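Chemist: Take a look at the letters that make up each chain.
Protein chains: 4
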Amino acid sequence: MNQSGLPDWRDSLPWPGAETHKHARGRLGVVSGKATQTGAARLAARAGLRIGAGLVRILCPPDAAPVIGPAIEGIMLTPFGSPEALAEAAGGMDAVVVGPAAGVNEMTRDNVRALAFTGAALVVDADGLTAFEHWPEGLFEALDRDDVLTPHEGEFRRLFPGLLEAGRQPAAVEASRRAGAVVVLKGPATVIAAPDGRLAVNDNGTPWLATAGTGDVLAGMIGGLVAQRMDSFDAARAAVWMHAEAARGFGPGLIAEDLPGRLPAVLAALYEQAG
Amino acid sequence: MNQSGLPDWRDSLPWPGAETHKHARGRLGVVSGKATQTGAARLAARAGLRIGAGLVRILCPPDAAPVIGPAIEGIMLTPFGSPEALAEAAGGMDAVVVGPAAGVNEMTRDNVRALAFTGAALVVDADGLTAFEHWPEGLFEALDRDDVLTPHEGEFRRLFPGLLEAGRQPAAVEASRRAGAVVVLKGPATVIAAPDGRLAVNDNGTPWLATAGTGDVLAGMIGGLVAQRMDSFDAARAAVWMHAEAARGFGPGLIAEDLPGRLPAVLAALYEQAG
Amino acid sequence: MNQSGLPDWRDSLPWPGAETHKHARGRLGVVSGKATQTGAARLAARAGLRIGAGLVRILCPPDAAPVIGPAIEGIMLTPFGSPEALAEAAGGMDAVVVGPAAGVNEMTRDNVRALAFTGAALVVDADGLTAFEHWPEGLFEALDRDDVLTPHEGEFRRLFPGLLEAGRQPAAVEASRRAGAVVVLKGPATVIAAPDGRLAVNDNGTPWLATAGTGDVLAGMIGGLVAQRMDSFDAARAAVWMHAEAARGFGPGLIAEDLPGRLPAVLAALYEQAG
Amino acid sequence: MNQSGLPDWRDSLPWPGAETHKHARGRLGVVSGKATQTGAARLAARAGLRIGAGLVRILCPPDAAPVIGPAIEGIMLTPFGSPEALAEAAGGMDAVVVGPAAGVNEMTRDNVRALAFTGAALVVDADGLTAFEHWPEGLFEALDRDDVLTPHEGEFRRLFPGLLEAGRQPAAVEASRRAGAVVVLKGPATVIAAPDGRLAVNDNGTPWLATAGTGDVLAGMIGGLVAQRMDSFDAARAAVWMHAEAARGFGPGLIAEDLPGRLPAVLAALYEQAG
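Chains as they are written, first to last, in my numbering: chain A, 2 to 276; chain B, 2 to 276; chain C, 2 to 276; chain D, 2 to 276.
Quick caveat, the hints were computed from the structure, so don't treat them as lab data.
Just so you know, not all the hints are guaranteed correct.
As the list makes no split between identical chains, a pair holds if one copy fits it or if it spans any two.
As the list claims (entries may be wrong) - Under the rule of at most 20 Å between Cα atoms (straight-line distance), these lysine to any residue pairs were calculated in the SDA-like manner:
{"hint": "1", "residue 1": "Lys35", "residue 2": "Pro208"}
{"hint": "2", "residue 1": "Lys35", "residue 2": "Met108"}
{"hint": "3", "residue 1": "Lys35", "residue 2": "Pro189"}
{"hint": "4", "residue 1": "Lys35", "residue 2": "Asp12"}
{"hint": "5", "residue 1": "Lys35", "residue 2": "Leu271"}
{"hint": "6", "residue 1": "Lys35", "residue 2": "Gly168"}
{"hint": "7", "residue 1": "Lys35", "residue 2": "Ala270"}
{"hint": "8", "residue 1": "Lys35", "residue 2": "Pro62"}
{"hint": "9", "residue 1": "Lys35", "residue 2": "Ala190"}
{"hint": "10", "residue 1": "Lys35", "residue 2": "Arg178"}
No experiment lies behind these values; they were computed from the predicted model shown.
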């Protein structure tokens, strides 16, 4: 991930100690889309749980609960009926992922902004970004420096028109400065930029990740690390690297559902090195 | 698959490159049957996703959505209430599979014809074929040369009465000419014919495929390759071969649900050869 | 299974040939219990599919369909609203399993009797037996010699009071004669008796099978073999042996859900011997 | 688990014998939370089934049944509409787990107390403990010496305020005396105390268990052993040790859903030693 070839975020990965209990290990919320669009939240939630968040809760519109319920066990579920109720439900969270399959509409904007004023760090992905295409300041003014935006190039162009013409790295740096949050510009060589000027380019990307739902998994992984109080810039770098590492080990035929189940092997290798 | 023993479609398999993203990799739609008949669509969709379509969306009658929802994650879901709504939902697709568990009725005919006039290549299977038993021209006039029909012998006889008496290969050639589409005549030695006269006979067939749902998986695999812009004749040949290869490696006790999960190993072997 | 130690049913196992298609391979129906009691039918159906029935269809009360739907793919589903509708739905079946989680009541009696007058061979298990405790002739008069009853000792005592006092083998012989059907008296050494006097005692029993749902799996396995036109006495012997073999290979911690997935290995070993 | 390093509960583990049938092997009930909170019960039930209870039944509020139904097969399901109905449904059980995701409210108190007056041994966990924070005697007076309480430190403090100041071991001893039941005080070194003064400290704890749902799995494991008529103190010690052993073998990335599937390997190793 840097010149030495060794990921320098490795030493700040959050491993549980003997005294760690599930609450202390970090609480992650994941906001689900409507009843027909719940798979993205389940992917993100499972990824967040696998990467070490001690408690993961899907926050969903009430009519989505019967769809999600049969498909989860260790993940918890809370329906919410309004942005205020969402913010209240997110009150006890360390981090929240919002945006996957959320819909590009006013409700998504309201939900993102309601969450931004809780104490939880946000990971804003997908529709959570595009919903602010015509009102980017409505997003940026709500963000803190520990929040993370995870656009692919299309989403990036909508939020930061013209910026990519300067190149991906300068674009990410400037976007992070404007947003006041960590920006993960996804692509073959994902760029991660922090508002304080830190910049990293991921070097283990793989084409096998070009399949639906892998972005949801990545958002859940970042959220899961941030929930464990890892620095958001390091969390984003670590998650991007592990996400690609999990995919590379699988190769052709990979689908997003495979990724969370491959995290234990990736984590175990890192844990042994941390030895 | 041909005289040399090496599949000559191997060089045209679509592998993602460093710059490939999920939309570019191909978008596949799969039309589900009614609420009690959704398993076929899920098998086809998962197969299409495994074989490399970047985005796969099940298009379903509204009352089927709560049944499908809990069983999918990376696969997306759009309910439709009319043939027009189906065609609109399929607007952004590169290929659409229609027919598995669709029902032999007017709605299926309307759905197939509505889809035929979108830009998506069609894979018409099962009930999507039988529904035109008494009006084959209603199907044929709607087809393009990149569309694919996948009848077993019973379905073939209904659409092309008398043709099989000339033998399977001449029958497939003539059927393809009449339909103006690729025809996959399934059986122990599946015959694939294109309207331009190309003809191939698959040689790795296996009796373990004689179990419910394997045809749905095959339709999804063909659709998944066509969605990646592989030539439809080559896509059909490649899918038929890989489908049988996945089954042969399993042997006795195979059920259709096993097949999508075995595609990664089949793909990996082909990818290494493509080296 | 007999003196030589080699199962003499081995040579009559139904293996598909090059020309076999799914319909020819055998069609199995499984009758589900009510909406809260559908798991037994799903276990039986999956076992029947794994053991080689080409088509397996669960027949269920209408309100059970939304529960079963999300959990099946290659297995088909038909709701029925009356014994007459059930018999009609079973019309195309080669064999039907009835009884698991069916309920001990008049509807179960009506369903069993309606099925008995279709052309399908019956496997009557669990509540399908107990429901006739006070009217055994209502069951026996409806049975044919290719039907199979699969009682454990408690169910056996209810249908054949007093018979077990003579010992398990004579009891099974007499029960089979009275019922006019194959009787599988389950236990540590399962006894299988046919109305023509054939008798076998299974010798690979294992205590790990003493867990909920294993009887449902066995009923599905017998049904799956009978659907493939294996002689019912041989089918029962073969299924009982394979069922135990699958369990023995697993050992402690076995649950019924494990069994269908272990059948491929058991079948493969038999297939190789059949060489 | 004791000075010799060999678990002295090993010899009292319940293994099925040739004559054991599923009813004799032990019947376990697990009380589910409301419709959005059913995952905990499913985890506990599956764990109880894996560890050897012959029959496991989830007892659930009526509106939770459609959520649980699609996710279970060998596990049975009975809806209940009142504490009286719950007690009646639990009538045939050897042990019942109550508390996971139950809600901290009067209904939970009523359910626990209704169950306490059936013949089933209770495992009271999570909300089943916290619900009695302001009325601990309402819980204690209902308990028998074969019942088990499984608090983590937070739950322990609510039921036994001040007791932990004396240290974990004396606190557990005194709590067990007051409650008149076995107390499992969870933590890095879980303490197990019986009302007759027996005391044990588990020594194979692992931080990987600090993830949501592992407590539900443990409750189900204890319940599964108690249902098999293992002494409750020994059952608690055995379950705590096996639970940690299953987790240690997995390592980083463990989630609660992994644990039941790892029990067969843990059980097999113990079974071989039991030789």
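Chemist: Decide, hint by hint, whether the structure agrees.
Modeler: Status of each hint after checking the structure:
no. : hint           : in the structure
1   : Lys35 x Pro208 : neither (30 Å within a copy, 36 Å between copies)
2   : Lys35 x Met108 : within (11 Å within a copy, 27 Å between copies)
3   : Lys35 x Pro189 : neither (30 Å within a copy, 40 Å between copies)
4   : Lys35 x Asp12  : neither (39 Å within a copy, 42 Å between copies)
5   : Lys35 x Leu271 : neither (37 Å within a copy, 39 Å between copies)
6   : Lys35 x Gly168 : neither (36 Å within a copy, 49 Å between copies)
7   : Lys35 x Ala270 : neither (37 Å within a copy, 40 Å between copies)
8   : Lys35 x Pro62  : both (6 Å within a copy, 17 Å between copies)
9   : Lys35 x Ala190 : neither (32 Å within a copy, 43 Å between copies)
10  : Lys35 x Arg178 : neither (32 Å within a copy, 46 Å between copies)
Comparing the model with each numbered hint stated earlier shows that hints 1, 3, 4, 5, 6, 7, 9 and 10 do not hold.
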